[in-house]
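S.K.: Letter by letter, the chains look like this.
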Amino acid sequence: MDVLLSEEEQMVKNLAREFLEAECTPALVREMELDELGYPPSLWQQMANLGWFGMALPETHEGQGLPLTYLGIILEEVGRAIAPVPFHSTMVAALTIVSDGSEEQKREVLPKVAAGELILTWAFTERNPKYLPETIHTEAKKDGGDYVITGAKLFVDNFNVAEKCLVVCRTSPESSSSKGISLFMVDTLSQGITHTPLVTIAKDKQSKVTFDQVRVPAANMIGELDQGWPIVENMLDRGTALLCAQMVGAARKDAELGIEYAKGRVAFGRPIGSFQSIQHMCADMTIWVDGGQMLTFEALWKMDQGLPASIEVSQAKSFCNEKCEAAVRSSQVIHGGIGFMMEFDLHLWFRRVSAWSMRMGTSFEHRARIAQMLIDQPGRVRLGMPLTPVA
Amino acid sequence: MDTAPREKIEMDFGYSPEQEALRDEVRQFIDDYVTDEVQDEIENWGEGGRGPLVRELYKIIAERKWVGITWPKEYGGQEGNRLDQYIVEEEFSRVGISVGGAGSGAPAILAAGTDEQKKEFLPGLLKGEITLALGFTEPQAGADLAGLQCRAVKDGDDFVINGQKMYTSSAHYASHIYLMARTDPDAPRHRGISIFLIPMDTPGITVRPLWTIQSDPRAPSKTTYGQQRTNETFFEDVRVPRSCMLGEENQGWYVGAMGLNLDRVGASRYLISVRRDEDIINYIKETEFDGDSPAQDPAVRDKLAELWIEAQVCRLMTMRSMSLVNRDVNFTYEGSAEKVWAPEHGVRTTETITQILGPYAQLLHGSDEAIEDGLFAHNVMGAFQSGINHGSVQVMRDQVARRGLGMPRG
Ligand SMILES: Cc1cc2nc3c(=O)[nH]c(=O)nc-3n(C[C@H](O)[C@H](O)[C@H](O)COP(=O)(O)OP(=O)(O)OC[C@H]3O[C@@H](n4cnc5c(N)ncnc54)[C@H](O)[C@@H]3O)c2cc1C
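Protein sequence lines correspond, in order, to chains A and B. Quick note: the first sequence, position 381, residue 703 per the working numbering, numbers continuous. Quick note: the second sequence, position 166, residue 242 per the working numbering, numbers continuous.
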């Protein structure tokens, strides 16, 4: 047990921070909010050259095989810099191919991801935004050697620039032996796909994507027919934990901006940072972000160890949703009116952390999942001991 | 294929196999030795301190080398890992036996004591033969401890002490008092204080009980701040030799702070803030009121999950502190942060429980219909104290802001 960063991790973190501070300025973030692609290809390529995309991929496929905590650290720094890059969605899909793809699929996808030559995304949510199998109505029907997909997905990250998308489809009605879900890797330029950009608080690139009789070869299925639900659950858990890392990084930076501002801003003849009520807000912001950070990295560590981590993921996301949001909102409060002005940079972080708190599971959803494991199974609970999942 | 384990290059949230084995060993010991009679004694041992059965047991625990694991070997320790001590403390705390902590006294003696003092105190503290009352607070100096007025005046080779200490909790059974007194009234506040280790039977010391709101009926032993009694201690021309002084003259503030910092973290601090989370969940899992179970109420479920998450943060903050201590890194703000989050969490849980159980949560120990022997009701009266003692949450937030974040003084 040593929950602090290792020397190697600290080094990776420092290098990432230095790089992003130089290369990813608030001006670039603003520019990308208005850009059609939404990301700067040159920055993307530099990140690939630094080895970030291959970090958590296996060495057998041009990756570095480092623990997932390293990717978490990078995403935390990417969050800190609110770097406008399709990193998170690419990793969520790539790691799913690592865990559940065929050898063929791995060979096709992973080396290109590591090299920065392939942007990926994933599509789960439909009309009902909960992360439950029964919300999936997009259908994939077998037709010869292909599957034909019809349906609509919402809130798909970076679809405008992704080359491939992992689409969660219904292949059978839910039954006692399976949830009837299968996962397909779909070329985003396939015939029958249309997408409409959504306008979000974060001014990032999310789309509504419709699939009208989209033909996909059966070889693009990830995992077995109808057995996709556990794969999808893992994908969502990983994605959620990595999103938490990004939130924590952004919320930390935002809190720091508030704390620094408080030291310099004078009111009633003294820095507002010398008022106890402001100091206590700053102390709380720090405590909250620390808490979110530790919950997040415990979840990532458990995943990396191959231990059950759903509870830890839900702990992290529920906490980050509320506490990272509270931290960035407090920072806005400390900034008074100026934080509300377009020309001042603070809102760049505020809007993103807020948006991320609404994605990949609300606090209520995650707590419902925890409550189920805490309350609905027999036996006594004890803090620090695993809760075994309810069937 | 050769499956050599990967070299450890990442943070680590798990216990080693040796530590898991240690935990199992302690649990087995508790199963074997903490009998119903021992438990009965713990539950019914009125005013504080240890009863005869627990005292006996404590000797065996010390023989097993489960106390002072991190201490130097020459004083009875093993120069072991702080986390091992934590594991032992956590298991024993759960059955109401406090080991290894010895309050803030032992760490300060280790850090600042002379060789004689270490030999005099540490082995005795280890075996439970020496116990220290903490004599810091005064009627006019609580959170603002540096305002203390109790005087120690040099007289030849002795010091003569006069003054009053408040809330000296274990003064009525402790062998010694770990006392903070003013030795230089003309120096700046923090620079005129010294620490003394004084036998309680020294002439001139009198102890008067102060009964808490938990005294009648008394609280179940697991209650957060369930203690029945504390004391006022009066010093009237108490003459002690200079050898009673711990650390340098007028350096007492810094010696004391060293111990207090460590006393703010660790197993017992952690557990007093989180055990009600476990208790209420385990309780409602098996409870229904006329067929209606709070466990099925969505509002209750959401709230309990939220509290459970908060409790994990308490655990992780404790682990962070342990990791820092193990690396020999001083806290900048981490101990203070923990001392804000955990007690306030304990209060949130305690007060949530009252709204889950409604009128049953009023019922005190011994009452007809009391739930868990009145534990939850007594906790309402005690939980908030944890946010006042050993550094109040307000003062702790000041420290996070000033020491951790470099914010200016008012
Ligand atoms: C059951 C019990 C056992 C105890 N055991 C011991 C013991 O064994 N030995 C010992 O020495 N002491 C002991 N104490 C004393 C305890 O440490 C003090 O109660 C504590 O330090 C607070 O001091 P006070 O009661 O004088 O409150 P005060 O210092 O008067 O504080 C009152 C309130 O003002 C707040 N406050 C103070 N300063 C500030 C500030 N700068 N900004 C904002 N708010 C502030 C405090 O947070 C608190 O809420 C015990 C207390 C209790 C209740």
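Do not rely on the hints blindly, as some may be mistaken.
As the list claims (entries may be wrong) - In silico BS3-like cross-links for lysine-lysine, where the CA-CA straight-line distance does not exceed 27 angstroms:
1) B:Lys-203 <-> B:Lys-230
2) B:Lys-379 <-> A:Lys-452
3) B:Lys-135 <-> B:Lys-84
4) B:Lys-84 <-> A:Lys-335
5) A:Lys-525 <-> A:Lys-452
6) A:Lys-335 <-> A:Lys-452
What the hints assert, rightly or not - Chain A stretches covered by chain B per the calculated footprint, using a threshold of three residues with CB under 8 angstroms from any CB of chain B:
7) 370 to 379
8) 385 to 399
9) 547 to 554
10) 581 to 593
Source of the hints: derived by calculation from the structure; they are not laboratory data. By construction, the Cβ of each residue, glycine as well, lies at the ideal position given by its N, Cα and C atoms.
S.K.: Quickly compare the C-alpha distance for Lys-335 (chain A) and Lys-452 (chain A) to 27 angstroms and report which way the hint goes.
M.R.: violated (34 angstroms)
S.K.: With a cut-off of 8 angstroms between beta carbons, are at least three residues of the region 370 to 379 of chain A near chain B?
M.R.: Since 0 is below three, the answer is violated.
S.K.: Going straight from one Cα to the other, do Lys-379 (chain B) and Lys-452 (chain A) come out at no more than 27 angstroms?
M.R.: Answer holds: Lys-379 (chain B) to Lys-452 (chain A) is near 20 angstroms, not above 27 angstroms.
S.K.: Are at least 3 residues of the region 547 to 554 of chain A within less than 8 angstroms of chain B when you compare beta carbons?
M.R.: violated (count 0)
S.K.: Just to be careful, I want the Cα atoms of Lys-525 (chain A) and Lys-452 (chain A) compared with a cutoff of 27 angstroms; is the pair within it?
M.R.: With a Cα-Cα distance of about 23 angstroms, the restraint between Lys-525 (chain A) and Lys-452 (chain A) holds, given a limit of 27 angstroms.
S.K.: Mind checking, does the region 385 to 399 of chain A have 3 or more residues with a CB under 8 angstroms from chain B?
M.R.: Per the Cβ count (4), the hint holds.
S.K.: Starting from Lys-135 (chain B), check that the Cα of Lys-84 (chain B) is at most 27 angstroms away, please.
M.R.: Given pair Lys-135 (chain B), Lys-84 (chain B) is violated - Cα atoms ~38 angstroms apart, limit 27 angstroms.
S.K.: Would you check chain B against the region 581 to 593 of chain A, counting CB to CB pairs closer than 8 angstroms, and say if three or more residues qualify?
M.R.: Held - the region 581 to 593 of chain A has 5 residues with a Cβ nearer than 8 angstroms to chain B, which meets the minimum of three.
S.K.: Does Lys-230 (chain B) sit within 27 angstroms of Lys-203 (chain B), going by the straight-line distance between their CA atoms?
M.R.: Given pair Lys-203 (chain B), Lys-230 (chain B) is violated - Cα atoms ~33 angstroms apart, limit 27 angstroms.
S.K.: Does Lys-335 (chain A) lie within 27 angstroms of Lys-84 (chain B) when you go C-alpha to C-alpha?
M.R.: holds (17 angstroms)
Of the hints listed earlier, those the structure fails to meet are numbers 1, 3, 6, 7, 9, in rising order.
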